[in-house]
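2 protein chains.
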Amino acid sequence: MTSNMVDKTVDELKDLKISEVALQKPCADSKPSNKSKGGKFVLKCPKGMRDYTPDQMAVRELVFDKIKKCFKKHGAVQIDTPVMELKEILTGKYGEDSKLIYELEDQGGEILALRYDLTVPFARYVAMKKIKNIKRYQIARVYRRDNPAMTKGRYREFYQCDIDFAGEYERMLTDTECVKLVCDILQELDMNNFTVKVNHRKILDGIFEHCGVPEDNFRPICSAVDKLDKESWEDVKKEMVETKGLDPAVADKIGVLVQKKGQFDLIEELEKSDLGENKSAAAGLSDMRLLLEYCELFGCLDKVSFDLSLARGLDYYTGTIYEAVLAPDAKGENVGSVAGGGRYDELVGMFAPKGRSIPCVGVSIGIERLFTIMEKKLQECRTSSIQVLVASGQKGLLKERMKLLNMLWDNDINAEMLYKANPKLLTQFQHAETERIPLVAIIGESELQEGKVKLRDTATKEEKLVDRASFVEEARSLLLNCGS
Amino acid sequence: MTSNMVDKTVDELKDLKISEVALQKPCADSKPSNKSKGGKFVLKCPKGMRDYTPDQMAVRELVFDKIKKCFKKHGAVQIDTPVMELKEILTGKYGEDSKLIYELEDQGGEILALRYDLTVPFARYVAMKKIKNIKRYQIARVYRRDNPAMTKGRYREFYQCDIDFAGEYERMLTDTECVKLVCDILQELDMNNFTVKVNHRKILDGIFEHCGVPEDNFRPICSAVDKLDKESWEDVKKEMVETKGLDPAVADKIGVLVQKKGQFDLIEELEKSDLGENKSAAAGLSDMRLLLEYCELFGCLDKVSFDLSLARGLDYYTGTIYEAVLAPDAKGENVGSVAGGGRYDELVGMFAPKGRSIPCVGVSIGIERLFTIMEKKLQECRTSSIQVLVASGQKGLLKERMKLLNMLWDNDINAEMLYKANPKLLTQFQHAETERIPLVAIIGESELQEGKVKLRDTATKEEKLVDRASFVEEARSLLLNCGS
Numbered sequence: 001m002t003s004n005m006v007d008k009t010v011d012e013l014k015d016l017k018i019s020e021v022a023l024q025k026p027c028a029d030s031k032p033s034n035k036s037k038g039g040k041f042v043l044k045c046p047k048g049m050r051d052y053t054p055d056q057m058a059v060r061e062l063v064f065d066k067i068k069k070c071f072k073k074h075g076a077v078q079i080d081t082p083v084m085e086l087k088e089i090l091t092g093k094y095g096e097d098s099k100l101i102y103e104l105e106d107q108g109g110e111i112l113a114l115r116y117d118l119t120v121p122f123a124r125y126v127a128m129k130k131i132k133n134i135k136r137y138q139i140a141r142v143y144r145r146d147n148p149a150m151t152k153g154r155y156r157e158f159y160q161c162d163i164d165f166a167g168e169y170e171r172m173l174t175d176t177e178c179v180k181l182v183c184d185i186l187q188e189l190d191m192n193n194f195t196v197k198v199n200h201r202k203i204l205d206g207i208f209e210h211c212g213v214p215e216d217n218f219r220p221i222c223s224a225v226d227k228l229d230k231e232s233w234e235d236v237k238k239e240m241v242e243t244k245g246l247d248p249a250v251a252d253k254i255g256v257l258v259q260k261k262g263q264f265d266l267i268e269e270l271e272k273s274d275l276g277e278n279k280s281a282a283a284g285l286s287d288m289r290l291l292l293e294y295c296e297l298f299g300c301l302d303k304v305s306f307d308l309s310l311a312r313g314l315d316y317y318t319g320t321i322y323e324a325v326l327a328p329d330a331k332g333e334n335v336g337s338v339a340g341g342g343r344y345d346e347l348v349g350m351f352a353p354k355g356r357s358i359p360c361v362g363v364s365i366g367i368e369r370l371f372t373i374m375e376k377k378l379q380e381c382r383t384s385s386i387q388v389l390v391a392s393g394q395k396g397l398l399k400e401r402m403k404l405l406n407m408l409w410d411n412d413i414n415a416e417m418l419y420k421a422n423p424k425l426l427t428q429f430q431h432a433e434t435e436r437i438p439l440v441a442i443i444g445e446s447e448l449q450e451g452k453v454k455l456r457d458t459a460t461k462e463e464k465l466v467d468r469a470s471f472v473e474e475a476r477s478l479l480l481n482c483g484s
Numbered sequence: 001m002t003s004n005m006v007d008k009t010v011d012e013l014k015d016l017k018i019s020e021v022a023l024q025k026p027c028a029d030s031k032p033s034n035k036s037k038g039g040k041f042v043l044k045c046p047k048g049m050r051d052y053t054p055d056q057m058a059v060r061e062l063v064f065d066k067i068k069k070c071f072k073k074h075g076a077v078q079i080d081t082p083v084m085e086l087k088e089i090l091t092g093k094y095g096e097d098s099k100l101i102y103e104l105e106d107q108g109g110e111i112l113a114l115r116y117d118l119t120v121p122f123a124r125y126v127a128m129k130k131i132k133n134i135k136r137y138q139i140a141r142v143y144r145r146d147n148p149a150m151t152k153g154r155y156r157e158f159y160q161c162d163i164d165f166a167g168e169y170e171r172m173l174t175d176t177e178c179v180k181l182v183c184d185i186l187q188e189l190d191m192n193n194f195t196v197k198v199n200h201r202k203i204l205d206g207i208f209e210h211c212g213v214p215e216d217n218f219r220p221i222c223s224a225v226d227k228l229d230k231e232s233w234e235d236v237k238k239e240m241v242e243t244k245g246l247d248p249a250v251a252d253k254i255g256v257l258v259q260k261k262g263q264f265d266l267i268e269e270l271e272k273s274d275l276g277e278n279k280s281a282a283a284g285l286s287d288m289r290l291l292l293e294y295c296e297l298f299g300c301l302d303k304v305s306f307d308l309s310l311a312r313g314l315d316y317y318t319g320t321i322y323e324a325v326l327a328p329d330a331k332g333e334n335v336g337s338v339a340g341g342g343r344y345d346e347l348v349g350m351f352a353p354k355g356r357s358i359p360c361v362g363v364s365i366g367i368e369r370l371f372t373i374m375e376k377k378l379q380e381c382r383t384s385s386i387q388v389l390v391a392s393g394q395k396g397l398l399k400e401r402m403k404l405l406n407m408l409w410d411n412d413i414n415a416e417m418l419y420k421a422n423p424k425l426l427t428q429f430q431h432a433e434t435e436r437i438p439l440v441a442i443i444g445e446s447e448l449q450e451g452k453v454k455l456r457d458t459a460t461k462e463e464k465l466v467d468r469a470s471f472v473e474e475a476r477s478l479l480l481n482c483g484s
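Chains A and B, in that order, are what the protein sequence lines are. The opening residue of the first sequence carries number 1 in the numbering used here; numbering runs sequentially from there. The opening residue of the second sequence carries number 1 in the numbering used here; numbering runs sequentially from there.
Read the hints as simulated data drawn from the structure, not as lab findings. Check before you lean on any hint, since a few could be wrong.
Pairs count within a copy or across copies, as identical chains cannot be separated in the list.
Lysine to any residue pairs mimicking SDA-like chemistry, simulated, CA-CA at most 25 Å apart [stated by the list, open to error]:
1. Lys424 x Arg171
2. Lys44 x Pro353
3. Lys66 x Tyr159
4. Lys227 x Gly95
5. Lys72 x Ile139
6. Lys424 x Val472
7. Lys132 x Leu43
8. Lys72 x Lys420
9. Lys69 x Thr53
10. Lys303 x Pro328
11. Lys47 x Arg145
12. Lys68 x Ala58
Being a predicted model, the structure only gives us computed values, none of them experimental.
Next up, chain A with everything else stripped away, as it sits in the complex:
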């Protein structure tokens, strides 16, 4: 927290104290204050956050399961970390985005902040546990105090699904596996129309050096380049020159280069050009060639574009960088980036006791945007998985329904009844239909006397009278045919 922010917070707290005193009287001490000043209680989620309804959760579970399947296919193990970190862990890792970190006042003395991503906590984890190598995935919420466009699926609280490879490995192998994984996941979700942009921080640094950017301006210029997917070159150049003090001639030299994209052809073109003599650029280009070769082996080269305008905003990247973008949808709407990542060889070293680093590379799936797309696709996703509704058309049989229900539960069949003493049979049938419960088990006085249960297929309306002793097994075999 800067001194300015402290002052601001103190002022806000004073205001709060005043309004607190004003509010204290109307509400008795232990009673809830469900009225604000205007006398109306505003029911809402915090700004930029949302509830997930059962329909949305059903989609979310499905998407998570598919992503986990892909992570496991590549042998990743799962970890989790606290939603908070000591604030100093996060400080200085996110460049211009550091202002978006949520801070928290712990009266216990520790200064805490909510995690901004899963990468920095992962690096802290690797350093703290002195891990030499790990392939890990983590699916968890992160927090950014942004002013998000919620209609576009952007929130202040959102899920990320990350996979990262930490360890000393043969060059470009795990970098390529990240690209392959992104392709796997998007294809698993039936989103086949996408491009994985790749670039390399060493190539960008080489370009900046080659064009004459002063070294201490590399990162600021890099984050200007990063805006090329949303802004025109003219606007980006303006930022470089006017905000970041770059010589316009230098900016123009950069502009020619960073608007190029291709595959092996572009690598060759750059290697043959003056830029090829820059040491940093040459090293990056050699990595890129290997990455593309390996992508070919992994059958995903057709999805990959070597794109010099890709820069990524974060400070900690040191090598390969990625970003996956979906092609505009049928209405021409641009969803934008659905995955991003890169190599960060120095981050673990920032935390390690002796500064000894572990090279890392990873990718993060922008799951909230995928949810939004999948929600539109899967509007018919069933939220409950009840297989049998226990019903009766006669009065006074509540306890008999409960007995049948319990037999089903004890045999691991998902079952429910209406929580009314004497519901109408029609109401019960309608409930089975709207909730798409495939089977209804019906009991009445005659069934009770004869030791029978009636089973009704909700779809076909066919009914079958079966022995009570075997009714669970009969239900189970009927369910197989109901396709539930």
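Put chain B on the given structure of chain A with help from the hints.
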């Protein structure tokens, strides 16, 4: 936040500002400050919080899956809510525990707090979405700024698994289903030695009224009674008399009653006593009788104890209350409560625009304690699910290994290789053994020339030379026998 707390926070912020200024110089502006005052960077999780390792995550996933299975068996749908709520949503709901709520300073103007449980956010959700009835489950982290004994599995950040029934239903049906669900879940986790204590707030209120407690002292006396599971009656009485100003004679009358437990016998005894004439107690006792009858129908009466000392700390309960406790383990260690809940018919009304409430009852599984127990039980849980390791004993075959690996991935087989150019064959076999990878696919020059692949069963060391064209199918059928 009370005025006092505001003052305290302001003071703390001032201190922070001073130390901030002192700290500012040694660390350059955008560089990470990985050193604190002493020159050493302390790598840790926030107080009372922890990382989950892959071993722990494997156990956690297994426990979650079993619990979800039980929730789904009863037809519950899943929701999720933000980790934060507007602070006023949480105010006045938790009695003496309100001081444990984590507050957060949002510079956007909203005063936010981290959720303390999942019940209040659920009630807010039901009111906000004007839901008439729902059976929902939610598995999520909650936050309490406690001074927890981490060795006993208590944390400041921990998971809760809640199921709640909202809606106007036939008396005691959903209350009983909560008991049944707790029994289902603990049995699903092979923890068969437990008791579900049940009691009723109306019986407690009846006892307090009958014994002569002034009405405005009901809740404070109730939370004193709640401590009877950890403290002796003498200590509890002391709290009632000395801290809460109760007449010692009244306390003694309470003491005789709240130390009773039983089943139908106790209900009869109380109904026949003077207490039976108290209107509130009589209503509660009638509910309890129905609950026990229904538990008998659901086959779980033997697990249930009607225990008058059970009070539950939270303010919002209005009817049935529950708590499940495990029997002490082999070493006589007491794990304590592993589930708790109750009926809260007024909570939704506190949020609803016209104060119209929806009756609710629910139970929360204390999953962290169950993790701790399950971690001890399941020390051999495998963390990765790799089925095939692709290996070679010869140099220069990296790309050939990658091709085989890709064939396996594209056929949905979980596979990996070592990320080295030329690893030793022995190293690769050892990796398969330690990671318990059932099958190794080996390629060498001769296999390459002959269009073959060698498949090796890690357990039996048996090898089989198969055609490259059918190697994926061969691997798949061998895996069936490996029991992977």
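* To do: List, from low to high, the hint numbers that the structure doesn't satisfy.
  => none
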